[in-house]
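Here the structure of chain D is known, so what remains is to put chain G in place on it, guided by the hints.
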Amino acid sequence: MSEFPFLSVITLSPIVTAVIILMLPKEREENSRMLALAAMIIGLILSAYVYFAYNSDLPAAGTRWADTLRFLEERTWIPGVGISYTVGVDGLSATLVFLTAIVGVGGVLISWGIEDRPREFMAFFMLLVAGVHGVFVSVDAFLLFFFYELAVLPMYVMIVIWGWKERREYAAMKLTLYLLIGSFISFIAFLVLYFQLPDPTFDLRVWAEYDFARNLQILWFLPLFLGFAVLAGTFPFHNWSPDGHVAAPTAVSMIHAGVLMKLGAYASMRVGIQILPEGTVYWMPFIILLTLINVVYGSFIAMRQRDMKYLIGYSSVSHMGLVAMGFAAMNMNGFIGAGVQMVSHGIMTALFFAVVGMVYDRAHTRDMDRLSGMMKVLPWGGVAFIIGGLVSMGMPGLSGFIAEFPIFLGVWEANGLSLSEAALALNPANYYRWIAILAAPPIVITAAYILRAVNTVFFGEYDAEKWHDMRPILPIDKLTLAGFAVILIIIGVYPQIIVPMVESGVAPVVERLHEVQQASTILDTVQIGAANLLSWLGGA
Amino acid sequence: MSPDFNLSWVAALIPELSLAILLVVIQVYARVANPENRGKLGLLTAWGAFVILLITLGLWFIGDEPNSGATLAGSLLWGGMIRHDLVTLVFRVMFLVALLLTALISMDVKHLQKVEYYALLITAAIGFSLMAAAADLIMLYLALEMASISSYILAGFAKGDERSAEAGVKYFVYGAFATGVMLYGMSLIYGLTGQTNLYEIGRVLQGLPTIAEAQLNSPLIVDQLRSIYGVLLLAAVMIIVGFGFKISAVPFHFWTPDVYEGSPTPFTAYVSTASKAAGFAIFIRVFTAGVLGDPTAASAWWAMLVAMCIITMTLGNFVAIFQNNIKRMLAYSSIAQAGYAMIGLVTLTPDGSGAAMFYLLMYIFTNVAAFGVIILISNISKSDQMEDLYGLSRRSPNLALVMLLALLSLGGIPPTAGFVGKFFIFKAAIDAGYWWLALIGILNAFVALYYYLNVVKYMYLYRSEEEEVAIPVSRGAWVGLGFSTFFILLLGVYAGPAFEWTREAATAFYALIG
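First to last, the sequence lines map onto chains D and G. FYI, in this note's numbering the residues of the first sequence are 64 to 603. FYI, in this note's numbering the residues of the second sequence are 6 to 519.
One chain only, chain D, in its complex shape (with noise of 0.2 Å):
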């Protein structure tokens, strides 16, 4: 389709950007900045084309997968084990890598002001950057992998470097052994599979469409996925990531919820359900159960929270795991309100976390007990805070509505338990609906905890005597903010311009798991057992 290798220069360019400031000399550290900012926004160009000459020709539905890929690249890497640089992006690939770009240009335009070793939290930013992009457009599983592993490291510098003095030690190596060792985990279970490959490859266009024997399905599907839902935040892996979001600096906090979690819940999906779809439709109707302990849990304990930023990591949680939810209703609603939801929880957390952060180098605290009136300093941030709010408690007109709504209706309408569609209709054993409905309170609690958040931060009495050091916010974080905001009320008034996009890339997979539900109508018998126990203490 086109000569320029757009994806490569996407994703290395930052690589390359690191290098380059780590050479400047230390008299001119200052430019690193300014090299940064340039690089993030060559990729913020070139992802937005990108973006908008897939959505411009969407492919038609019932393509195969290896088909809907545009943009392909294709280099030999190590031949002799079936390793090669293959990138490309489908709907849902090239949205992600729309959504890195943004959240990219903000997190530096944010971090202009750090002043310790900019040179070094620059380069190491780049090499985030680089690896979530190289994650979402790889189609070679050793380079998913690879950039994979690229991304966690450059977190556990930058929190134990520039994060908050008081966790970050702790919360950095726990959030870096977490995900190592999920994804390590997954790698097992995928080499496993690799080798049960006739000619053995890691081209996951070869994987897509290869039926692995049923068992060995079963048997692996759940390292596969749960390796990579670590860095979804799922239950019960899902405690490095509060920590690790209050240690966190500012930029990196935006990155790490807003791009990076989504980067688990892309692997998981694309490694794991899109490759076993067998272990996907046995295993889902008992990982949908962890999924509303995330939502549920998630809310009810940052309801308790008395830091803003624990407030937000926990949020966090229970929103991930909607996205969960959404791809374990397996079908097209879910799916679609999970991709839609990963971009606009991508958003709104980044806006979330970079409020916070504007608030926190001014007032010196984060205890929401402590603060209060903070709209007569910060009103831009207050209203910023205000509309991802409302967004993340999925207010209809912005994009967390267009993106839980169907979620909500894809689990109400799923049959997870592969039925025939008679003994769907009001059939006790399909407790699908049970956890729509118990999915449903979180919302409401969610409106309790950021309504109480932005009544006790941002209204109230100000007092000037308390705050020595606040300073109005800088022009580019205005834009920063301005920015995010505008793009979540444009998914929220017009989601063609998003829903399509996404359609089109989980479209396959989606059809995938169906042939695999039509195909097994007949319960295992453990499964209905288990099924029916379980519906039976879901309802009770």
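If you are wondering where the hints come from, they were derived from the structure by calculation, not from laboratory data.
If you want the ones that stay clear, here's a sample from chain G, every Cβ over 12 Å from chain D, calculated:
#, residue
1, Leu18
2, Ala78
3, Phe177
4, Thr201
5, Ala219
6, Ser232
7, Phe259
8, Ser388
9, Gly481
Straight-line alpha carbon distances no greater than 25 Å define the calculated BS3-like cross-link-like pairs of lysine-lysine that follow:
#, chain 1, residue 1, chain 2, residue 2
10, G, Lys387, G, Lys119
11, D, Lys89, G, Lys462
12, G, Lys387, G, Lys115
13, G, Lys164, G, Lys387
14, G, Lys462, D, Lys237
15, G, Lys175, G, Lys387
16, D, Lys541, D, Lys439
17, G, Lys119, G, Lys175
18, G, Lys462, D, Lys228
Idealized CB from N, CA, C, for every residue including glycine.
Same frame as chain D, but now just chain G:
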């Protein structure tokens, strides 16, 4: 046995012979040069090693393609003493690279600027190189001793430093004992088979019926066979002791921390990379030839190796966590790293051995880079405590970056060579059906990551009062570190050719044995 003497016999030994010439050259240079110019010895050695490296690779490229496709007899030269094949070449390249880098990073250490030091480095390299080429027990032992004796002296080279003297003596006592035990094992094997050539021994042992077969066909010799297999097992255990000592596998690792800590640091880098690789080389030679009995997963020595491999990784990593001397930490880490490479060996497949060779190759660059940085720091601080690394990123951002990359490579994080190295090892293990071994290896890699990342934290987060004190870095050290760093990254992002090379070597090697 191989045919009559011809020039190809000499050609096969060109790298070793050139090293011997280099040995003479630096001796002469030391005699004729001004005493002030003694500092150039390291440079001369490095250049020499570099030229020999080019010659070695050049000879290979211009068609002296050793083995692939040739016969076993054709690759045995000098009356069956050495085997000239691609495996030899791969290991030679490793030793030459290690010599080159060690010479470069030695140049900054004042008390090592003596001709004896560089001469011993070279003799050790000759020893290592012959170890990798040996096809005969006698040759193997001679080469091993040549390398070992040089190493003992080098460990104690820092005269006047008690720790160095202790390291020298400790290394010598342990080493003499371990090689003695190994020699005893070899003599048992000679007694059993009447042969010293590895492949002849393998042939004789393969001819033996198994006990089950004997019970069926000729019950009379069953008892005799039992005792033969008993002695063989004993010999195998003894040889594994020697091998375990060389690669510092648990439980033969006790010398490692003390020797690594006490020896002059450049030598520590050398012994932890080249000497370890040589240990692996002889072991690949010995067990694939069937000297210890058939190389299969059913043999008793295989189970022993697997147990050793697991304990080595686990113990090395867990003890390393608690070290506060950086050299001791790296010593325990190098014990653990040997465990990962052993995973490649015990798969008993060409892929596994190829992966182990690749691992050893990348480990040379990685470890030399790490030790190189430590040398430069301890030149100023005169100690090797963790505290010396505090604030390194403010003190010297470039050195901190080199150290960061080396640590990432040791921990197996992209884009460094360590990631690909571990990937190939674990892939080979899973391919051979040992996914549990890969899992243990991976879990261990995370324990290791913990203490590597702690060092990163010391360099980037902690402050030190000596941040303003500059660390002088000579040009030689920059070249050494730059070279290592370049290859850490190159092998990390473009591992294809190097891995194909080691794998081809291992494959050709296995094909001729089977």
